[in-house]
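Novice: Each chain, written out:
4 protein chains.
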Amino acid sequence: MSGNTLGTLFTLTSFGESHGAAIGGIVDGCPPGLDLSEEDLQIDLDRRKPGTSKHVTQRNEEDKVEILSGVFEGKTTGAPIGFIIRNTDQRSQDYSKIKDVFRPGHADYTYAHKYGLRDYRGGGRSSARETAVRVAAGAIAKKWLLKKYGIKIRAYLSQMGTVNIPFKNWEDVNQNPFFCPNLDQVPELEKYLDSIRADRDSVGAKITVVAENLPVGLGEPVFGRLDAEIAYAMMSINAVKGVDIGEGFGSVIQKGSEHGDELTPQGFLTNNAGGILGGISTGQPIIAHVAFKPTSSIPQDRKSINTKGEAVLMQTTGRHDPCVAIRATPIVEAMLALVIIDQALRHRAQNADVIPHTPKI
Amino acid sequence: MSGNTLGTLFTLTSFGESHGAAIGGIVDGCPPGLDLSEEDLQIDLDRRKPGTSKHVTQRNEEDKVEILSGVFEGKTTGAPIGFIIRNTDQRSQDYSKIKDVFRPGHADYTYAHKYGLRDYRGGGRSSARETAVRVAAGAIAKKWLLKKYGIKIRAYLSQMGTVNIPFKNWEDVNQNPFFCPNLDQVPELEKYLDSIRADRDSVGAKITVVAENLPVGLGEPVFGRLDAEIAYAMMSINAVKGVDIGEGFGSVIQKGSEHGDELTPQGFLTNNAGGILGGISTGQPIIAHVAFKPTSSIPQDRKSINTKGEAVLMQTTGRHDPCVAIRATPIVEAMLALVIIDQALRHRAQNADVIPHTPKI
Amino acid sequence: MSGNTLGTLFTLTSFGESHGAAIGGIVDGCPPGLDLSEEDLQIDLDRRKPGTSKHVTQRNEEDKVEILSGVFEGKTTGAPIGFIIRNTDQRSQDYSKIKDVFRPGHADYTYAHKYGLRDYRGGGRSSARETAVRVAAGAIAKKWLLKKYGIKIRAYLSQMGTVNIPFKNWEDVNQNPFFCPNLDQVPELEKYLDSIRADRDSVGAKITVVAENLPVGLGEPVFGRLDAEIAYAMMSINAVKGVDIGEGFGSVIQKGSEHGDELTPQGFLTNNAGGILGGISTGQPIIAHVAFKPTSSIPQDRKSINTKGEAVLMQTTGRHDPCVAIRATPIVEAMLALVIIDQALRHRAQNADVIPHTPKI
Amino acid sequence: MSGNTLGTLFTLTSFGESHGAAIGGIVDGCPPGLDLSEEDLQIDLDRRKPGTSKHVTQRNEEDKVEILSGVFEGKTTGAPIGFIIRNTDQRSQDYSKIKDVFRPGHADYTYAHKYGLRDYRGGGRSSARETAVRVAAGAIAKKWLLKKYGIKIRAYLSQMGTVNIPFKNWEDVNQNPFFCPNLDQVPELEKYLDSIRADRDSVGAKITVVAENLPVGLGEPVFGRLDAEIAYAMMSINAVKGVDIGEGFGSVIQKGSEHGDELTPQGFLTNNAGGILGGISTGQPIIAHVAFKPTSSIPQDRKSINTKGEAVLMQTTGRHDPCVAIRATPIVEAMLALVIIDQALRHRAQNADVIPHTPKI
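Protein chains in written order, with the working numbering: chain A, 1 to 361; chain B, 1 to 361; chain C, 1 to 361; chain D, 1 to 361.
FYI, nobody ran anything at the bench for these hints, they're computed from the structure.
All of these numbers come straight from a predicted model, not from anything done at the bench.
All residues carry an ideal CB built from backbone N, CA and C; glycine is no exception.
Hints should not be assumed to be uniformly reliable.
[Stated by the list, open to error] Interface residues of chain C toward chain A, partial, derived using beta-carbon atoms under 10 Å: (1) Phe10; (2) Gly16; (3) Gly24; (4) Gly29; (5) Pro31; (6) Gly78; (7) Arg86; (8) Pro299.
[Claimed, not checked] Each computed DSS-like pair below joins lysine-lysine, with the alpha-carbon atoms no more than 27 Å apart: (9) Lys191(D) with Lys255(C); (10) Lys255(B) with Lys99(A); (11) Lys99(C) with Lys255(C); (12) Lys99(B) with Lys75(D); (13) Lys255(D) with Lys255(C); (14) Lys303(B) with Lys255(A); (15) Lys97(D) with Lys255(C); (16) Lys75(B) with Lys148(B); (17) Lys255(A) with Lys75(B); (18) Lys147(A) with Lys64(A); (19) Lys308(B) with Lys97(B).
[Said to hold, decoys possible] The following label-pair restraints were derived from C-beta to C-beta distances: (20) Lys148(D) with Ile43(A): 38 to 44 Å; (21) Glu73(C) with Asn213(B): 31 to 37 Å; (22) Gln315(D) with Asp184(C): 44 to 50 Å; (23) Glu310(D) with Gly150(C): 24 to 30 Å; (24) Pro299(B) with Leu146(D): 43 to 49 Å; (25) Lys64(B) with Glu258(C): 48 to 54 Å.
Using the sequences plus the hints, can you model the full thing?
Specialist: See below:
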């Protein structure tokens, strides 16, 4: 692979730049017989799409998905599912003034040096727009996991800049533009982000994702561990700089007597492990945290160089998210779903004879 | 793959349990013409091996590697490099009393449920012993990277429990049993770990790894990003619960104006990115941090269940590391080397025509 | 993968059914900087498309390709190349009468049992229509190979039924509807195929493909041999039942003194090997032969069963090729190109340091 | 991969040269719970090993396999199965005189150019000795397939040079050194091969392999077809120049009315397809034919060049098989078993929900 395919048995291969004709993908390995329509994909695409509040980019992408294959009479057939999303709001002129400069904190510089040429129209392939494809594919995975195992995958914003957001309940998450799990904290977030924007700045954030109802046994050690694949999938999202599982970096200061989750006949007493031991699911909820850096594109002067290597001062204007993590909530869910479905399929390949006898605690 | 192969072009396939006849691996895709001897692998194996100080397990594994193929007249031939390490200190009797119980915080429980049977001899395949194979393979990768690109990969202990360890210098790292980069802090660490051990407990830690001299351009977006593969590789190490790159989780509270590394004709001014933008190396040092949980095996009573599902109280005696992260320093280096060499080979496959023209800042 | 991706570094992932909205694919790993337009793909698509003579199916597919990504300002960018071909002539009604019966020699039966459902609209995913995607991707590979190494890949019809067609010259191949390398034999072929059609029957054929100007050294033993990947690629084409290289099945009756190609300072004296020794290219032309079975869809009564398992008599009417191999000539070229480009990229990954020193005889 | 791993879920990674310390491999993905001992592997290794009659090489390799991991208390654990076979009869001196010359028909020339160096000790990695590893791995696959599905995989010599060998019965196959399915033809084969050897020559041959009792549904279209993977696996065996399935190259002259296998409520009436339609198993026996070229190493003068590019005359003396195909019979079985088990595991991953409802005709 040259980096645009994810997965082993349930794979997503993705294509498309922010300012090309379309983005899209191919989901291969979806089991046959799943009820599926474009609407199933659209729901999550709409959660991610720009322009839904003043707190996210005002770009006006419709993000309308079209399924081209793999579904017949409303059911998946086992054949690859091809889908595209046309790009409709390509204001390439926005980018003409950055054509010859590298934006600090951006992939401009590395893409230009890796490939020897410059697609200066927005982020090109490195644009967050590409993640819409993941959301569409993740919606397929989520649907199958829910139907087949009752697995539920949900994410929320757990920190924005210095504002910590303790989990309150899932109901609140989809009722505010921040995916904040506590409606009471929304005014604080609005105020905080307004001040960031007023400073012509941006800020980082953290998203927490939870998968419930997993069976014991998903994960292919020693390299294809469930946690390793989660780390890989999350770190492949634009702007992500860190991933941890369960207590994660917090376990650095824990004692063994505190961290190791004790077992009883009724189940585990705690979940410091975040639902994974030895790279394999324990049956407890999977919990992962994902750190997003602040948006690199900010409308204030920054030191940079142009393509000739000369010093320049530059501002990135245009329509950018002040906090990229906000719209990333559905992406994080999608990535976790893509990892879990692939592991579930691999698990039943090798261990089908064991599965029926698997007790659950 | 069923989880025991890492990499695309430079691959490591690993086998072996802690109490079987041997562990070993096959490195496939090593370029021909590299000077290589068993001694090259042994150096790093000796850094990882047990029994080198009172602060690590007193198991007495010789960890003597034998290369079986792929090297002729002192040079790699391009053929796969098979190697084995015989297990010599298999005190299986140590484990007889835990044969029917699941150790809290261990992979016993998940392996037993996944595979439907129990290899109760120590960790079996989930044992940290398996990582010796990675260290051996990583030594090959490190040698090639150093020779070919001058890339240097080094790790150190940056935190143990509540003791933070700021980097002082590389010279100190290999002169103390903790891989601590500051000899002045060693007494503090000794005292700290002695007290942990006296409490019959264990503690977590953090390791920082740095790769210097990378060319611009390594990384295969959008999924095979350099950072994503680093996250995957690190999270696949036993006891790892978190990985971040550059400022990592610290970027959650950063502003865009602070995080985005500015460029000048002389190079980047800062390295918040940890040497990676858009999943591709910038040419700056790669910096990653890895969180290790405390050792699960501790000699104090813990609640658990036996294979019949009945409640038990258990202690794990035997010879266990009070802080698994210590001996993990060479493993972290090895994993980073394995990721970088694979990316370097893939990069020159696709972009060979671009590479000679790549300017370096 | 679930079977719809080909290749390791230069990959094609394909989607689409004969009677869905569109077919298409994603080419990942194409090196940046290659001049590429839709016209480059269209040329080969037009060579494969139906309705070009009375000897092939009269279906009226326009086979118009649209490139959606990966090309900017006329050059490949290194990003994945997504493309689609809309299906325009979907006469699904043709298929209503075969909805409940399995066509002898067809994949209806195996698909229905594998996936547990029936896409009765033509061949669905098993339709030869899917191969248009391969032809489009192969055109990209062919262009790069020609530009970069001067490698030329051409195929011709070398046998149709009992009519043997000795190679005369390449010029003739594209000047007749049979891809016959000797215009003098065209009337004989026309007469032969007319009589087959008059008998409401079909017939098998053999295609020979030649790649010239390969460097020595392509092929990744021991499993990823060049010949093994050629065999894989060819056998994956619809209706193919056999592949051989060089003297192929003819070598069964050869003596070692006859088969082994002798070397002289001026080069090899013969090419029984078909350009491959030990799975690696010798620098001589690669020569492979591919056997196609006769079209299964014929308009005469055949014994079969319906989906209830009851005996039926059925005819397949509709617009079918009397000899599927004819239009397969560009497909065979495409598959060989896809294999060679992938091997070429892998070769320079691992052996880049060796390549400049490779002498050529 | 760099060519030394086969398979997707059930993988074999192989290492070792003819004159190194050992050859061996790692089987990853074997389902847990299979009874397995070294003896299971040894049976097939002994069928392949040299020196069993005057008609094969007189090299004296013991081919004694040692399993190093993945089996505990007589059962596979789901962990990778590492195994080695020490090389015991390394008469490297035999090869000193060919150190600087390329043997016609051999991989010497291509390996030297690909890798830039020469392992002149016998075939090195290109030696047929490497296939012992495949036989060992194949024995594991065969055992699981037989136990789990009742699938039986058996091969026989179907042609040697000009001597055609119609199938008579399976009992005879293991009772003669040629794997000939008709003991009555053995004297003819002996006489024929004696005359070849008297002429200081060698000869090609054809092997036919049959797999019985496959379920309907194995094969992952469109690229991972069952027939494509069989072609790949067979063509990866040393000296193989052709593969066909069912009627294979014979279908070139067949009519559709003759080739297409008719169905009745009692099953298929014929098996021209060789058990595969659309790349998926039909439930009928899989039948494949494999063409082997004559041994390249013959003790008569052949024109060649040395490493300086100068003309030489050379003979290959030493202990070579006059017909390499003979000992290849167990290899062909092993390769088919490795393909089928991998497809079976993939099939139940994606289609587990369909499988229980699969009717069998």
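Novice: Each hint: holds or not?
Specialist: Quick rundown of the hints versus the structure:
no., hint, verdict
1, Phe10, "8 Å, holds"
2, Gly16, "5 Å, holds"
3, Gly24, "6 Å, holds"
4, Gly29, "3 Å, holds"
5, Pro31, "9 Å, holds"
6, Gly78, "4 Å, holds"
7, Arg86, "9 Å, holds"
8, Pro299, "26 Å, violated"
9, Lys191(D) with Lys255(C), "16 Å, holds"
10, Lys255(B) with Lys99(A), "25 Å, holds"
11, Lys99(C) with Lys255(C), "53 Å, violated"
12, Lys99(B) with Lys75(D), "17 Å, holds"
13, Lys255(D) with Lys255(C), "33 Å, violated"
14, Lys303(B) with Lys255(A), "16 Å, holds"
15, Lys97(D) with Lys255(C), "24 Å, holds"
16, Lys75(B) with Lys148(B), "15 Å, holds"
17, Lys255(A) with Lys75(B), "46 Å, violated"
18, Lys147(A) with Lys64(A), "25 Å, holds"
19, Lys308(B) with Lys97(B), "15 Å, holds"
20, Lys148(D) with Ile43(A): 38 to 44 Å, "41 Å, holds"
21, Glu73(C) with Asn213(B): 31 to 37 Å, "33 Å, holds"
22, Gln315(D) with Asp184(C): 44 to 50 Å, "46 Å, holds"
23, Glu310(D) with Gly150(C): 24 to 30 Å, "28 Å, holds"
24, Pro299(B) with Leu146(D): 43 to 49 Å, "47 Å, holds"
25, Lys64(B) with Glu258(C): 48 to 54 Å, "51 Å, holds"
Taken one by one, the earlier hints fail for this structure at numbers 8, 11, 13, 17, listed in ascending order.
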